[in-house]
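**Q** Sequence:
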Amino acid sequence: MAPSSSLLFSSIFSLFVLTATSVAFKSPFHPNDILPLLPRQVSWPILNYLNSAVDLLPTFVGSASSANNSSGWKGACFYNNSAWLEFHNNSGSEYGGGTLHLKVSNAHSWTCMDLYVFATPYRVTWDYYFLSREHTLEFKAWEGKAEYEYVKSKGVSIFLMQAGMLGTLQALWDVFPLFTNTGWGENSNIRFLKKHMKATFEQRPQPWVTNLTADDIHSGDFLAISKIRGRWGGFETLEKWVTGSYAGHTAVCLRDSEGKLWVAESGHENEKGEDIIALLQWEEWWEFELTKDDSNPHISLLPLHPEIRAKFNETAAWEYAQSMSGQPYGYHNMIFSWIDTVDNNYPPPVDAHLVASVMTVWNQIQPSYAANLWNEALNKRLGTEGLNLPEILVETEK
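Going letter by letter, the sequence shown gives residues -24 to -1, 1 to 374 in mature numbering (1 follows the signal peptide of the UniProt record, and there is no 0).
If you're looking for bench data, these hints aren't it; they were derived computationally from the structure.
Do not take every clue at face value.
What the hints assert, rightly or not - Straight-line Cα separation of at most 27 Å, DSSO-like style, residue types lysine-lysine; simulated pairs:
1) Lys128 <-> Lys170
2) Lys236 <-> Lys268
3) Lys236 <-> Lys287
4) Lys268 <-> Lys287
5) Lys374 <-> Lys130
6) Lys287 <-> Lys121
7) Lys121 <-> Lys268
8) Lys130 <-> Lys116
9) Lys374 <-> Lys116
10) Lys50 <-> Lys121
11) Lys50 <-> Lys170
12) Lys171 <-> Lys116
13) Lys287 <-> Lys130
14) Lys130 <-> Lys79
15) Lys287 <-> Lys356
16) Lys374 <-> Lys128
17) Lys128 <-> Lys116
18) Lys356 <-> Lys374
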C-alpha cells in the first residue's frame, strides 16, 4: 500500500475511533458524512461495506396523531425526535387538512441529516431534516372522509431511512444493477444473495448444460429455476431474500396420453404480452432456456421419489393442467405464499408497516399491477368486491 493511502486509511480509522469513544463532545462531522467526498477508490469499498440495497427499506418509527398523543424515537442523525399532528381547515374543504410537526434535536454531528417517508393509505411523501429545530409538513386537504377518519384514528405513519441521505443514494446505486441485463448486474445479484442470504455459488466444471433427454424425465418431475440477471433476475433476487427460497420460478413436467413430454408453468408471456398459465412442449421450452433466455437461469431437475411417482395420478394432473392453460398468472395468490402469518414472515428491517407503505406507493405508480397482486385477493379475504387499496386498508380497521 502506498504511504499516502496508508495515511488516509489510518486517518479514517482514527475518525471512527474518535466518534465511537466520544460521549460529551459532539463531533463536527461523522465519518459516514464525509466518506462520499473522499476519492472513489477509497470511499466506495467502505460505503459498500456499511450500506447495501437493504438500506433502501425505510424503518417504521411511529405514527403522528393528535398533539395529545405524540410519538418519539431515535433517528440516524438526530437522537431525540418527536412528532404530532395538528388538524385544521385552512383549505376550506369539507374535511380540512393538517400540519405534521416534527421536532428534531441532539444530532450526532454537524453535517448529518435524517431522511423520512410519511404515509397514509392515500398518499406517500418524504422530507429531510438538517437543522435541529421543529419542522412542519403540510397536508392541505385530506382526500375525503375515509382518509380523514383513518388519520384521526391511526395517524400518519412515519418511516426513517436508517442509512441517511448519502447511504440511501448509495443503496439506490446498489439496487439499480440488480435489474440490468449485464455481467455487472449478474455479479450484483450474486453479491446480494451472498451477503443477505449467506448463499454460496460454486462455479461448476464445464459443460454447464447436462446432457439431458426427454426419456430421462417423468410426469411430476419438478423444475426449480433461479434467474440472476436482467429484470426478472433482480425481481427474483428480492423475492428469494424475502421468502427465504433459493428458487425464483418453478415448473412441472407432464406427459400426455401419447407419452409426449410437456412443461406446465405459470408466468409464460403470450403474444399479447399477458402472463398466463401455459403448457409448452418440452423441446420448445428447453430450446428457449438454452438459446433465448437472457436471464442466465440456473435450472435444476428434481425427480419424484419412486414411491411418490407410483402414487402420482398422471391422467388427473394432465386434465387439470389443460383446464388451467391460458388462465391468468396467479398474482393474487403469489404474495400469500410468502406472507401467511401476522408478523413472522419478514426479514429485518421489513415489517407489516413497511409492507403497507410499499403497497401504497406501488398502488400510485402502477394501479393495475397492484390490483393483480393484492387487491383481488384482499377483497376475497375481506368478503368485499371491487375495493381499491385505500378502501381495503380502511376496511381492515373497522
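**Q** Each hint should be assessed against the structure and marked as holding or not.
**A** Okay, the hints, checked on the actual structure:
1. The suggested pairing of Lys128 with Lys170 is violated, with an alpha-carbon distance near 44 Å, which exceeds 27 Å.
2. Restraint check: the Cα-Cα separation between Lys236 and Lys268 comes to about 23 Å, which is no more than 27 Å; the hinted pair holds.
3. The hinted pair formed by Lys236 and Lys287 meets the criterion: a straight-line CA distance of about 20 Å does not exceed 27 Å.
4. This hinted pair does not check out: Lys268 and Lys287 have alpha carbons roughly 36 Å apart, beyond 27 Å.
5. Pair hint Lys374 plus Lys130 holds up; C-alpha atoms about 12 Å apart against a cutoff of 27 Å.
6. With a CA separation close to 57 Å, the supplied pair Lys287 and Lys121 exceeds the 27 Å bound.
7. For the hint linking Lys121 to Lys268, the alpha-carbon distance of about 52 Å lies beyond 27 Å, and the restraint is violated.
8. Between Lys130 and Lys116 the alpha-carbon distance is near 18 Å, which keeps this suggested pair within the 27 Å criterion.
9. Between Lys374 and Lys116 the alpha-carbon distance is near 26 Å, which keeps this suggested pair within the 27 Å criterion.
10. At roughly 33 Å between alpha-carbon atoms, Lys50 and Lys121 are farther apart than 27 Å, so this suggested pair is violated.
11. Distance restraint check for Lys50 and Lys170: the Cα-Cα separation of roughly 30 Å exceeds the 27 Å cut-off, and the hinted pair is therefore not satisfied.
12. A C-alpha spacing of about 43 Å is found between Lys171 and Lys116, which places the hinted pair above 27 Å, so the restraint is violated.
13. Only pairs whose Cα atoms come within 27 Å are accepted, and Lys287 paired with Lys130 is rejected, the gap being roughly 53 Å.
14. For the proposed pair Lys130 and Lys79, the alpha carbon gap of about 20 Å is at most 27 Å, so the pair holds.
15. With a CA separation close to 34 Å, the supplied pair Lys287 and Lys356 exceeds the 27 Å bound.
16. The suggested pairing of Lys374 with Lys128 holds, with an alpha-carbon distance near 14 Å, which does not exceed 27 Å.
17. For a cut-off of 27 Å, the pair hint linking Lys128 to Lys116 stands: about 15 Å separates their Cα positions.
18. Distance hint between Lys356 and Lys374 is fulfilled; the C-alpha atoms sit about 16 Å from each other, no more than 27 Å.
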